[in-house]
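Going line by line, the protein sequences match chains A and B. So the first sequence is residues 20 to 267, counted in the working numbering. So the second sequence is residues 473 to 794, counted in the working numbering.
Since no wrong hints were added, every one of them can be taken at face value.
Straight-line distance between alpha carbons at most 20 Å, and here's what the computed PhoX-like set of lysine-lysine pairs gives:
| id | chain 1 | residue 1 | chain 2 | residue 2 |
| --- | --- | --- | --- | --- |
| 1 | A | LYS109 | B | LYS601 |
| 2 | B | LYS499 | B | LYS528 |
| 3 | B | LYS579 | A | LYS123 |
DEER-style ranges, computed between Cβ atoms:
| id | chain 1 | residue 1 | chain 2 | residue 2 | range |
| --- | --- | --- | --- | --- | --- |
| 4 | A | ASN48 | B | ASN514 | 50 to 60 Å |
| 5 | B | SER594 | A | VAL50 | 27 to 37 Å |
| 6 | B | ARG661 | A | ASP202 | 23 to 33 Å |
So the derived list for chain A, only partly shown, Cβ under 10 Å to chain B, looks like this:
| id | residue |
| --- | --- |
| 7 | ASN57 |
| 8 | ASP138 |
| 9 | PHE156 |
| 10 | ALA172 |
| 11 | LYS232 |
| 12 | ASP258 |
| 13 | ALA264 |
No lab work stands behind these hints: they were computed from the structure. This structure is a prediction, so every number in the text was calculated from the model and none was measured. The C-beta atom is built at its ideal place from N, Cα and C for all residues, glycine as well.
Here's the letter readout for the chains.
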Amino acid sequence: MKILVCISNVPDTTSKINFTEGDTKFDTNGVQFVINPNDEFGLTRAMWFKEKQGATVHVATVGGAQTEPTIRKALAIGADEAIRVNAEPKDGFFVAKQLAEVVKNGGYDLVIAGRESIDYNGGMVPGMLATLLDMNFVNTCIGLEIDGTQATALREIDGGKEKLSTSLPLVIGGQKGLVEESDLRIPNMRGIMMARQKALNVVEPVDAPQLTKDEKFDKPAPKGAVKLVSPDNVGELVDLLHNEAKVI
Amino acid sequence: MSVLVYTESLKGKFKKNAFEVASYAYKVAQDLGTTVTAVTFNAQDDASLGTYGVSKVLKVTNDKLDTFNAKAYADALAQAAKAEGAKVIVLSSSADTKFLAPILAAKMDAGYVPNVVAAPDSTSPFVVKRTAFSNKGFAHTEITSEIKVIGVSNNAYGVVENSVSAAVEDFNPSLTDGDFAVKSVEVDRVTGKVTIADADIVVSGGRGLKGPENWGMIEELAQVLGAATACSKPVSDLGWRPHGEHVGQTGKPVASNLYIAVGISGAIQHLAGVSASKVKVVINNDPEAPFFKAADYGIVGDAFEVVPKLIEKLKEFKAQNA
Chain A
20 MKILVCISNV
30 PDTTSKINFT
40 EGDTKFDTNG
50 VQFVINPNDE
60 FGLTRAMWFK
70 EKQGATVHVA
80 TVGGAQTEPT
90 IRKALAIGAD
100 EAIRVNAEPK
110 DGFFVAKQLA
120 EVVKNGGYDL
130 VIAGRESIDY
140 NGGMVPGMLA
150 TLLDMNFVNT
160 CIGLEIDGTQ
170 ATALREIDGG
180 KEKLSTSLPL
190 VIGGQKGLVE
200 ESDLRIPNMR
210 GIMMARQKAL
220 NVVEPVDAPQ
230 LTKDEKFDKP
240 APKGAVKLVS
250 PDNVGELVDL
260 LHNEAKVI
Chain B
473 MSVLVYTESL
483 KGKFKKNAFE
493 VASYAYKVAQ
503 DLGTTVTAVT
513 FNAQDDASLG
523 TYGVSKVLKV
533 TNDKLDTFNA
543 KAYADALAQA
553 AKAEGAKVIV
563 LSSSADTKFL
573 APILAAKMDA
583 GYVPNVVAAP
593 DSTSPFVVKR
603 TAFSNKGFAH
613 TEITSEIKVI
623 GVSNNAYGVV
633 ENSVSAAVED
643 FNPSLTDGDF
653 AVKSVEVDRV
663 TGKVTIADAD
673 IVVSGGRGLK
683 GPENWGMIEE
693 LAQVLGAATA
703 CSKPVSDLGW
713 RPHGEHVGQT
723 GKPVASNLYI
733 AVGISGAIQH
743 LAGVSASKVK
753 VVINNDPEAP
763 FFKAADYGIV
773 GDAFEVVPKL
783 IEKLKEFKAQ
793 NA
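One chain only, chain B, in its complex shape (with noise of 0.2 Å):
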């Protein structure tokens, strides 16, 4: 009757959103009056999770799930409610729990909210407050089934400590060649550079960057803050930068602590995909642009000559805060 939750782990390392979901789903269990089992695959440090609350790791050791893989992980994961008549799911946002998720809630007949922002409103009902309309929105949204999924969306509960202790146990799901019928032929991931998903610090240029080839400050600016870079959607229709980093409404969300946006005037699907994040800074030289109007610092003035010396400044303030 424990309250379920999937830690995600990347080559062994728990992500930092593991710990944030792990946070979100001992709020549950607290509600609930109830304890919360974590489900681990070919994590290393499992017990490490009972800083965050959790007092029991079902730990998944296999070869085979080396690589992620959204059936064959949802299937686990279902075993896994099962064997702790688990009713609450707690999962993160990342590309890959959105994968599993509908997988995993379509296999078990439960409801399942994603983009959730914050503890539940009430366990009875159970109702949770989830961003819709592309951020533009929320909803409070009651799930009525018997079992439930939420998706928590990144940065939106934070990482909370609760110590306890953690047990670790083997578990073994019994998978089937069905659950393999889509195969992993090769990962292509950036490695050495912040993820969008996981950043607390995004810096993003749009078209008034000119073009791709004054992308090198966005990229040093980027580097000074440990923050990944991003760029508007004409940006990457022009193919200036790769589809990857696009965020807006029909690009990736953004909800990092700090946005900074450099020479993007804010269009309307461009300011919903971002204003999860929670401080927000515009340099752009038209003191018209809607983005102004969203933001809580702005600098009007040339892109070219404010980013140089912001960087200088930070790398001073890095220097002396080291």
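Chain A on its own, in the form it takes in the complex (with noise of 0.2 Å):
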């Protein structure tokens, strides 16, 4: 089995967000960037299919060279080789194009993404990348065992779960749950050597439209000082609840 995991380049978690050049850029100036956290779980996942399963494990992304710590921490923690198509991701519709190249020049059988990149949260490249490559897809996909060609995958649904049943060729859409987050890996000295000598292929992107385009950013605005009540007079609190923020 040929794994794909497409990785996303984002501000780690704890990153404060602020924009530039007009509030026209997001400010990238002092911020880490990380994994992004759903394709981590999916890269999580996909290591465990190569070791019990013997499949072969490639990452892509889209992104320019700023990009490549992201993706030599995704060999270090075990993919066997990384592909960057050399572009900036205008918008959700652009990369699913990029990648859909990639996953036809390299005969996938199955693509794992994330739910959604936690910086513009489109959640929308896995269901696209499968729309555009005729593949089958799973969206919040919190757990997947592969059987030969058949897949059984869990969705997680507002208020629950659903089991699925389908068959490769398959696009998942991943996220906590596929695997735990004890699960997850820091990359050892041994895995960040082998690193350096896997194989980066950098390739050109592929002509495709821009569909949608940020504007303009801004921030929310800031907040007013908390109202405190004190423990001893929680009635105030219903009060405030009921008669100022009418909420109750």
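The two chains are supplied separately, each in an independent frame; assemble them into the complex guided by the hints.
Encoded structure:
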């Protein structure tokens, strides 16, 4: 089985978010970039398929040279090879078009992407990719087993979960649950050394239209000071929620 | 040329978000000088959508669509959009809709913008305001494609009545075997409990509660308020509560009217995930907990003393206002 894990290079979850150039661009100054958490759960599940079922695992990202430390980390965790499509990701459709080309050329059976990236939160690349390639698709995937060409997936739904059966070739939008937080791997020195020897192939983008464009960013209005209620007068909170906030 | 809206139902009954997306679609239709057409799947009482500005309902009745199927639903919606010549398609932000939206958008070469929190800034050019960076910011995004797909955040626009008369027509999309290549085997949905996605009020517990055995009072507080229960990431990582309850940047987003955090310190990732909630209350014994800076109301105190008192006071309040 040949697996492609799609990696997005995103600001660390603890990052403070600022904008620059007249609030038209994300300010990367001082920001630490990491593998998108939803993608990392998928990458870790892919490692399981590699170790238990002999799968080959490649990783791909769409981004400039500045994304390479993040790709190298994926290689250090255990992916066999990496592909970087040398283009700034313009929007979700553009990225899906680029990844579709990578999947076509690589002949992958299973494509694991994160449910959404934690920066632009579009949540559209996996579904668009599957549709462009006419592959099966399961979103918000929290469990995946492969037996030959048959796949059994668990999907998170509002208020519960759903078990699905389908077949390869398959694209999933993954998240926590594919593996547990405690299963995530910190690359060791041997992994980091080996990652330096592994192929990181840079390919040029294909023509693809941009369908959406972020014109301007802004931040939530600053919050007023918290109104504190004494623990000896809890009734006041009920009163405030009813008469002032009008939420109960 | 109407605005198309997908109005979700469960077991025939419209979900609350169906009325919210219909209200939003009506606003867009007004701006564009057109009307709203809704698509429903095995729903009852289709004409009730007229209350929220829907002039026409394309009613799909098909046993094979009793259980949600993303590809088949997306295919049906694409066919409905073509039949109506719709250029704008309005969807919700439910898990099911976020599953089908990218399939629908890719089928129609449409630009898709999810997490939209307000009526369009303008319709020419077509610009919408959405959350980005996991609620730490907003983006004003232009959709440049001819067909536009918009996902409206829960509780962001609200349910607005605009009574018109809704004409209900049967609609029979042609579906292929390929549409059903992903099959539902089993749906395990908690019944009799409010879900985080639909909840007006969410009560959430953190590590300050010391152990899963102490969740009884969180459940009771939620029950008194008719609220959903949730938890912080450490609590779900420790296995005290199921993953489905984890709210925050890498868990479920919360956009309720009231969010009550008990024993949650308020890490930046947690605050990002819940910041779309309108009113936030924090109960924590540490006055330095970062959550107090992000909250509207707070009580510095021991949760094990404060929460039972709060339950008692709420019961009195409910009894008086019943």
